[in-house]
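There are 2 protein chains.
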Amino acid sequence: MNSNPAEEYVSYFRPEIDAMSGYTPGEQPKVAGLLKLNTNESPYPPSPGVREAFGSFDVARLRLYPDPMAQELREYIGGMFGLPADCVITGNGSDDILNIAIRCFCDSERPAACLDPSYSLYPTLCGLQGTECIRIPLAEDFSLPVDLPARAARANLLLIARPNAPTGNSCSRTILAEICRNFQGIVLIDEAYADFASDNCADFVSRFPNVIVCRTFSKSRNLAGLRFGFALAHPKIIEGLMKMKDSYNVSMLTQVLALASLKDPAYFADCVAKIRLAREMLTLGLYDLGFRAVESETNFLFASPPDGDGRRFFEELRKRNILVRYFPGPVTGKWVRITVGTTESVSRVFLAAREIYREFGQEVYSLDSGRLVP
Amino acid sequence: MNSNPAEEYVSYFRPEIDAMSGYTPGEQPKVAGLLKLNTNESPYPPSPGVREAFGSFDVARLRLYPDPMAQELREYIGGMFGLPADCVITGNGSDDILNIAIRCFCDSERPAACLDPSYSLYPTLCGLQGTECIRIPLAEDFSLPVDLPARAARANLLLIARPNAPTGNSCSRTILAEICRNFQGIVLIDEAYADFASDNCADFVSRFPNVIVCRTFSKSRNLAGLRFGFALAHPKIIEGLMKMKDSYNVSMLTQVLALASLKDPAYFADCVAKIRLAREMLTLGLYDLGFRAVESETNFLFASPPDGDGRRFFEELRKRNILVRYFPGPVTGKWVRITVGTTESVSRVFLAAREIYREFGQEVYSLDSGRLVP
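Just so you know, the protein sequences line up as chains E and V, in that order.
Quick note on numbering: the numbering used here labels position 70 of the first sequence as 70, and the sequence is numbered without any gaps.
Start counting at 1 in the second sequence, then tack on 1000, and there's your number in the numbering used here.
Hints are not guaranteed to be accurate.
Here chain V is said to cover these stretches of chain E; the calculated rule only asks that three of the stretch's residues, wherever they fall, bring their Cβ under 8 Å from a Cβ of chain V [what the hints assert, rightly or not]:
#1 40–48
#2 66–80
#3 99–113
#4 213–223
#5 231–241
#6 251–258
Calculated from the structure, these hints are not laboratory results.
Every residue, glycine too, gets a C-beta built ideally from N, C-alpha and C.
Just chain E, same shape as in the assembly:
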């Protein structure tokens, strides 16, 4: 036995794990007065129904294991979509479900495919599973590329975020249906942001036996801290996914509060409506300032400043105590992703952008007076 075990350290990790870069958590700064618009959290608290369920929860129950099947939740969620409970799986956030799906359908001989740019977790999860991730560039306008079916053909699992992140747009339902119909593998439609969109693909689950539709409570349900997500699919798919999940993957409190949130649809609809209004305001405001912005179906806006320098805009906003998300790269580097919060926070972003890009000389309206100002 050595007195300094650190010197004896030998790595027994799978080589893929050692080769991966260290885990970098998203920025969660604790700066007073900082406007945090970098992780697409909701500006609104959980619903009154959630607060009530929390207040009446008997802490003594926590000595027992949660329902490993989350049966009550699965039945309720199924009912919302006109599906039986055995078409539903619940997860510790939808990241849990993405991970389960990649582990179920992918290995060294069964690649996954995803779009680029899209949710950056997909290739990371593929790396952890030791599976190839075929990355298919989006068209220049961030729509689905026409060669997607050809390029994804080798994959066993096709991951499509709809609406997409970080771009915020939704692909065509018709084209996606055509892809699902012809793809020889599983299509996972990640609808993390679908509650903010004008339509969704939940109905694909009853139309196509190879489709998984995934949702989260971290955005539209104002419950990122809770860790809850679910997926809908053919009962045979759910049965297989269930084998992979941790037995007790969803905690008791998460089950109780997620159910309470579902039972409070009016509050939910109200929060979503307010965010959509603020989104419209920010989009039009930035257009007026000469920005490009993708028409968003989410609670964030992907926007490119007049000079096309995403990093500079990110840094200038940071100086003004506004934190947004910047993704370096030849395509994404021209843009920033701004979480849409309240109309107040949107105003702060707009006024900051107006100040930063004043030299570009667009004619802009003051928010206060409505008068034309230089």
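With chain E held as given, fit chain V onto it using these hints.
Only chain V this time, still in chain E's reference frame:
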């Protein structure tokens, strides 16, 4: 598109997943008056400190993501063991950590090894990872077999539950240290029940750079519903495990309440002491009835009735509204695993056993009077 998509279903699962039956967690029945002694939950509620932290938690915070690193908890836990925070990883229950470890160290060329009987989740997790699980039978008295090092030599990860489940005994610290010193791979010591034992191996983490020690809050901390576990290891090991975990694997409420539980050591010690007392009472009572029982270092008792028919004992107890755990098989089938609850529940088990095995004619003492009764 077919009108009945079920008929079109084609499996795209990895063949290993289709071939598996999946892990079956212990029954969670909803029968009134049932004494539930099958999943080793604590009979006591979470600590007053947990209740207090729950009461003062601001539900509005749930709109935000939890700390992905659980930094406050990692520092506190590290402090308890005289280790820095970077020697600690937190999980959504210790099952999460077991899963992470198997995914980090095992693949088709890197088998795992575990004892038999031991925690039945180990081989299940190996199956899901597509890795071989070398199962090494315990000696007849449930101690470590002398050929363990030879039989485990091919493995890259050796999983040892100490105390072991379902047998309840602890292996020798000296022998285990010797194994850790010589094993060419990672030794994961699963200390789910260590708080009920007379010693533990947490100190191995500073002695051996290839040891992971794992703990759970589901048993001794009375918080099975919360889903919290942690592991201690060399910083390099923790760094690698961190890459594999879900970014936000531990929910905000779980982080808050787990920390509160740790800050209430007196209540914790009191619950553990009461369970150890009840365990002693049950063990000696069953000895008197002619049972064999493994001297337990846990909150359960592995006991074999006078006729050696574990299934019959399980079924007779079930008729009397007492649910324990029965594991079929040539070795385990002679035994049942009984969770040790309060002294009251232990009395119910004892009296039921006395009634069931009356015909065996042991001289037994009545609990009520202390008189010798036929």
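So, going through the hints one by one against the coordinates:
Coverage of the region 40–48 of chain E by chain V holds [criterion: at least 3 residues with CB-CB distance below 8 Å; count 6]. With 3 residues carrying a beta carbon less than 8 Å from a beta carbon of chain V, the region 66–80 of chain E meets the three-residue requirement, and the given coverage holds. For the region 99–113 of chain E, the stated coverage by chain V holds: 7 residues have a C-beta nearer than 8 Å to a C-beta of that chain, and at least 3 were required. With 3 residues having a Cβ less than 8 Å from any Cβ of chain V, the region 213–223 of chain E passes the three-residue criterion, so the hint holds.
With 4 residues bearing a CB less than 8 Å from a CB of chain V, the region 231–241 of chain E meets the requirement of three and the coverage assertion stands. Counting residues of the region 251–258 of chain E whose beta carbon lies closer than 8 Å to any beta carbon of chain V gives 5, which meets the minimum of three for the stated coverage.
The structure fails none of the hints (numbered hints given earlier).
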